[in-house]
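Enquirer: One letter stands for each residue in the lines below.
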Amino acid sequence: METRAFASTSPQRPDWQALADKARSRRRATNAFLYTVLILGSLPIVVPYLWLFTVAFSGRAGASTTVLWLTLAILMPALLGWLGLRASIEDPRRLRHAEWLLAAATLAALAAVTGPHLHADNWRFLWISDIANRLKGETGTGGRYPSVWTAFGNSLFIALVQMTLVVAVSTFAGYYLSRFEFRGRASYLRGLLILHAFPAMTLIIPIFLLTYWVGLLDTLTGVILVVVALELPFAIFVMKGFFDAVPWDIEMSGMVDGASRRQAFFMLLLPQVKVGMLAVAVFAFLRGWEEYVFVRTLLFQKSNWTMSLYLFFMSEDVMGTDYAMVSAIGVFYVLPSIVLYALSQKYLTQMTIGGIKG
Amino acid sequence: MSRIELRQVSKRWGDVTAVEPTDLVIEDGEFVAILGPSGCGKSTTLFMLAGIYVPSEGEIRFDKAVVNEVEARDRNVGIVFQSYALYPHMTVRDNILFPLRFKKIPQHEAQFRATAAAALVRVEELLERKPGQLSGGQQQRVALARALVKEPQLLLLDEPLSNLDASLRMTMRSEIRALQRKLGVTTILVTHDQIEATTMADRVICMSKGRIEQIGSADDLYHRPDSLFVASFIGSPPINRIEGRAEGGRFLAGTIALPLRGAAAGDVVLGVRPEALRLGEGDLSAMVTDIEPHGREAIYHLTTPLGELRALEAGATPRFAVGARLPVAIASSLVFDRISGRRVAGATLEAGI
Ligand SMILES: Nc1ncnc2c1ncn2[C@@H]1O[C@H](COP(=O)(O)OP(=O)(O)OP(=O)(O)O)[C@@H](O)[C@H]1O
Ligand SMILES: [Mg+2]
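As they're listed, the protein sequences go chains C and X.
Residues in the first sequence are numbered consecutively from 0, following numbering that gives the first Met the number 0.
Residues in the second sequence are numbered consecutively from 0, following numbering that gives the first Met the number 0.
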C-alpha cells in the first residue's frame, strides 16, 4: 500500500542508503554547529572566571596572564579533542573510556605545566586578619578593616536568615493564594507582579529613611528585612504556581483520612512543592549573598561589613599593590554560590515551568 | 456501618445551585449508585456526605445523629476519588497506612491491617512502590485499600472505574461488589456509566440538574421510568422519542393515528425502546437506512411515517439489508406528558400495533 503511494510520486526507486547517509551527515553537521555556538557563546563568561581562578592560585604582584594562557593552551585542544571523540565514537562504553583518558591526560598536562606556578600566598587574607591594614596602612578608603571572617559571617547570616524568611513566608502565602478565595485576590496577584517590576534602586531613599525611623539603620536585621520585602513578591508568585499544580483531591483525601488541615498541609502538600521551595531558597540565598546596594547604603560600622563590601573596599585599596589577592578574595566570595549550584542543580533542572501557571 | 439520611440537603455557590433540596435515605449495608450526566451534582453530594463540603441547607444524619458540623476527619468515611488522589511521595504501603496514623492503633496492628487491606484488593506485591510506578488499575485498587483500611461506616466511590479499560472494568465491578457484600459497608457509587450503576447497585438514584429524578432498581428505571429524562438517559441505544398528540383514545403523529390505552391527553411524547420494535410484523411501513452490526445483535436505522427510529434485534447476522422495505410493529411503549416530561401511568399503545 505505502510503496505504491510512494511510487506514484517518485518514478525511480529511492536510494535508501544514500538518504540515510545524507541524514546522518546532516545530523553531524547540526551537532557540530550547535556545539561550536555553545562554546563560542560561553567563552566570554568562562574566560574571565578562568582568569580569576588562575590568578587567585598563581598570580604574584604585577599583572601576569601567563598561567591563564598556559591553561587555555591545554584546555582548548582538550575541548576540541573531546568534540572529536563525541563525533567519531558511537559505542557509549568506548566513548566513556576515551573521555576518561582524555580528562586524565588534560589534568596531568595542567599539573605539569601550571604546577610550578601555583602557590597559596594570595590566600593569606584568610589567616592574617589585618592584612589590608598591613598592606596599605590605615589611610585607605576603607579605613581599618575587619577580618574577612567577620564579613563572611555577616554575609552568611544575612543570606541564611533572609532565605529562611522568604521560603517560609512565600510558602504560606503561596498556599493561601492558591487555595483560598477572598475578596481582592485577583488584584492582589496583579499587585504582586507590579511590585516586582520596580527597580530596587528607585526605593533607596525611602528605604533609608524608613530604616532610620524604625531604628534599624546600620543593623543586619534592617538589611535582611529590606531584601526579604523585595524578594517576596516574586517568590510568592512562584510558590503559588507550585501549589496550583497540586490537585485539591490530595488534601481533601487527607482530611477524609483523618488529617487536620494543618496536618494535610505539612504531610501531604509540602512534599509536593519541595522543588519550588528549593528553587526559592537557592535564589533567595544567592540574592542575600550577593547583596551590595542595600548593604552599601544601610550599613556603616566595619563590624557589619559583608563579603561584597569587603571585596569592594579591598579592591579600592589593595588592587594597585596586590590584585592577585583581590582575585583570591573574589574566588572565596563566589565559592559558596558555586557549591550551592552544584548541590541543587540536579533538583532545579527537574523543575518545569509548567509548575507556574496563573 | 450506618444508615444515611439526607433531609432537604442542598448546596449552592453564589448563584450556582449544584444540589437542590434533596431527601434521601440509604439503609445500613446498602449499595446505592448515583447515576447522572456530567455536572448534575453527583460529586457535590458525595463530598457533602464525606464532610468536604458543608451543605447550604438541610441535615445529613448518620444513624439518626446530625453530622453537618462534624469535620471530615471525624466521620469515619472512606472515599475513592475519581483521580484516585494517592499521595505521590509515599509508597503504596504508606498510602494505605496513612488513615491509620490518626487512630490510636499499635504499629504492628496497623501494619497487619494495611497488609490485609492490600491483600483484599490484591496489591500486596506492590507495597514498596510509589503510585507513579503503578498502572491505572493498580492505583485504583490501592485507593480502594486505603479507603477500606480504616473500616469506614460509609464507603464513597466517585467514578472509581472511569480510567480502566473495558475488561478490567468488568473485573473490578464484580470485585467491588463482592467486597462490599463481604464487609457489609454502606456504599455509594457515583458514575455516569449506566451499566456500572445497574449491575453493581441494589438501588440506583438517577440525578439531573441537582435533583433526584428517580430512585429504584435497575428494572424500575428501565421499564417504569418516572420521566422522559430517565427514560432517555437509561438504555443504549437510547429510547426512540416520537412527538404527537393524545386525543380520544388515539395517538396522532403526522398522518398516523394509533389506538391508545390509558388516560393520556394533549401533547405527549411516545417512548419506544429499540428492542420493542418488531421487524417484519405489524403494519407500520419502514425502510432500512443503515445497519450497525454489534456481534450478538444489530441496530437498524429505520425511516418510518413516525420519523427516524432505531431498532435492536438479536442475532449474529442481520435479517434485512440496507434499503429493504419491511413492516414494523411496536410491542410496547411508554407515554410522557410533553410539557412536564412526567410519564402518564398506565398509558400505552394498544398491544401489537
Ligand atoms: N467549587 C465550586 N464552585 C462553584 N460551582 C461548583 C463548584 N463545584 C461544583 N460546582 C458546580 O456544581 C455543579 C455540580 O458539580 P459536580 O462536581 O457535583 O458534578 P458531577 O455530577 O460530579 O459531574 P461529573 O460527572 O462531571 O463529575 C456543576 O454545575 C459545577 O459547575
Ligand atoms: Mg464528579
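Treat the hints as calculated values from the structure; they're not laboratory data.
Given the structure is predicted, the values throughout are model-derived calculations rather than measurements.
Don't be surprised by glycine CBs; every beta carbon is placed ideally from N, CA and C.
Check the hints yourself; a few may be wrong.
If you want a taste of the chain X side facing chain C, the calculated C-beta under 10 Å gives, among others [unchecked claim]:
(1) G50
(2) S82
(3) T288
(4) P292
Mimicking SDA-like on lysine to any residue, the simulated pairs with C-alpha atoms at most 25 Å apart in a straight line are [as the list claims (entries may be wrong)]:
(5) K129(X) - V274(C)
(6) K273(C) - V53(X)
(7) K181(X) - K129(X)
(8) K103(X) - F265(C)
(9) K129(X) - L101(C)
Enquirer: Now tell me, hint by hint, if it's right for this structure.
Expert: Taking the hints in turn, this is what the structure says about them:
| no. | hint | verdict |
| --- | --- | --- |
| 1 | G50 | 7 Å, holds |
| 2 | S82 | 5 Å, holds |
| 3 | T288 | 31 Å, violated |
| 4 | P292 | 25 Å, violated |
| 5 | K129(X) - V274(C) | 18 Å, holds |
| 6 | K273(C) - V53(X) | 31 Å, violated |
| 7 | K181(X) - K129(X) | 29 Å, violated |
| 8 | K103(X) - F265(C) | 20 Å, holds |
| 9 | K129(X) - L101(C) | 40 Å, violated |
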